[in-house]
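**Q** Spelled out from the first residue to the last, the chains are:
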Amino acid sequence: EPEVTQTPSHQVTQMGQEVILRCVPISNHLYFYWYRQILGQKVEFLVSFYNNEISEKSEIFDDQFSVERPDGSNFTLKIRSTKLEDSAMYFCASSERAGGYGYTFGSGTRLTVV
Amino acid sequence: GENVEQHPSTLSVQEGDSAVIKCTYSDSASNYFPWYKQELGKGPQLIIDIRSNVGEKKDQRIAVTLNKTAKHFSLHITETQPEDSAVYFCAASAYSGGYQKVTFGTGTKLQVIP
Numbered sequence: 001e002p003e004v005t006q007t008p009s010h011q012v013t014q015m016g017q018e019v020i021l022r023c024v025p026i027s028n029h030l031y032f033y034w035y036r037q038i039l040g041q042k043v044e045f046l047v048s049f050y051n052n053e054i055s056e057k058s059e060i061f062d063d064q065f066s067v068e069r070p071d072g073s074n075f076t077l078k079i080r081s082t083k084l085e086d087s088a089m090y091f092c093a094s095s096e097r098a099g100g101y102g103y104t105f106g107s108g109t110r111l112t113v114v
Numbered sequence: 115g116e117n118v119e120q121h122p123s124t125l126s127v128q129e130g131d132s133a134v135i136k137c138t139y140s141d142s143a144s145n146y147f148p149w150y151k152q153e154l155g156k157g158p159q160l161i162i163d164i165r166s167n168v169g170e171k172k173d174q175r176i177a178v179t180l181n182k183t184a185k186h187f188s189l190h191i192t193e194t195q196p197e198d199s200a201v202y203f204c205a206a207s208a209y210s211g212g213y214q215k216v217t218f219g220t221g222t223k224l225q226v227i228p
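The listed protein sequences derive, respectively, from chains V and U.
Quick note on numbering: the first sequence equals residues 1 to 114 in this note's numbering.
Quick note on numbering: the second sequence equals residues 115 to 228 in this note's numbering.
Here chain V stands alone, though its shape is the one from the complex (with noise of 0.2 angstroms):
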């Protein structure tokens, strides 16, 4: 079964700085997306992507993050300066259609912030 994949699957990283998290969506897949889970929390929106440009931002989503298709296979997730509140797990979904149906989640990126 198509899966979508995530790297690294643990990420530590200082205050401060710099992260970029990867996501191989399933190949025939047009909508890209980040989740946010806190530990112990609810699954959150960050945004979606759809014909290499962004669809809908949440609140969540500001300055501090960015996503890029730098190419035809890869979905990436930037965040320029980790604040400790960023600690959380990270999921990467993909779907055919827009409108939630058929999401395919990754298994996640464990984001520590130190």
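For the record, the hints were derived by calculation from the structure and aren't laboratory data.
One should not assume that every hint holds.
[Unchecked claim] In silico EDC-like pairs for lysine to aspartate or glutamate, Cα to Cα no more than 20 angstroms straight-line:
| id | chain 1 | residue 1 | chain 2 | residue 2 |
| --- | --- | --- | --- | --- |
| 1 | U | 151 | U | 197 |
| 2 | U | 223 | V | 44 |
| 3 | U | 151 | V | 1 |
| 4 | V | 78 | V | 59 |
| 5 | V | 42 | U | 141 |
| 6 | U | 151 | U | 119 |
[What the hints assert, rightly or not] Chain U side only, calculated, beta carbon under 10 angstroms to chain V, not exhaustive:
| id | residue |
| --- | --- |
| 7 | 159 |
| 8 | 160 |
| 9 | 163 |
| 10 | 207 |
| 11 | 220 |
[Stated by the list, open to error] Reference listing, derived: stretches of chain V covered by chain U, where coverage requires no fewer than 3 residues with Cβ under 8 angstroms from a Cβ of chain U:
| id | stretch |
| --- | --- |
| 12 | 36-48 |
| 13 | 101-114 |
We treat Cβ as the ideally placed atom computed from N, Cα and C, and that holds for glycine.
Position chain U against the provided structure of chain V, taking the given hints into account.
**A** Quick look at chain U alone, frame taken from chain V:
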């Protein structure tokens, strides 16, 4: 924006018994309601979904019901097994600002006791 409430936050059942998880949503425009299962250290996995033109859907031991008037929907798991133990998230999807956005509930930790 959409608000999704989920209850209970934790649920323990004996193996073989049924488990019911309930969610309510606020946006009457929501028209797609997926349920996700999240096992420890993994991303959420879609297990069943229902659209607003359907009142009930069943897939083997799992069923979902939707009451559009009351704006609530439920997940029913029958004949529970230890491998059903996980965190379950409901979600609601509504069309907003040119994009259909998914909002997650707060999650239910289900423990099936052998």
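**Q** Each hint: holds or not?
**A** Verification of the supplied hints:
no. : hint          : in the structure
1   : U:151 / U:197 : holds (11 angstroms)
2   : U:223 / V:44  : holds (17 angstroms)
3   : U:151 / V:1   : holds (17 angstroms)
4   : V:78 / V:59   : holds (16 angstroms)
5   : V:42 / U:141  : holds (19 angstroms)
6   : U:151 / U:119 : holds (17 angstroms)
7   : 159           : holds (7 angstroms)
8   : 160           : holds (6 angstroms)
9   : 163           : holds (8 angstroms)
10  : 207           : holds (4 angstroms)
11  : 220           : holds (5 angstroms)
12  : 36-48         : holds (count 6)
13  : 101-114       : holds (count 8)
In the structure shown, no violation is registered for any of the earlier numbered hints.
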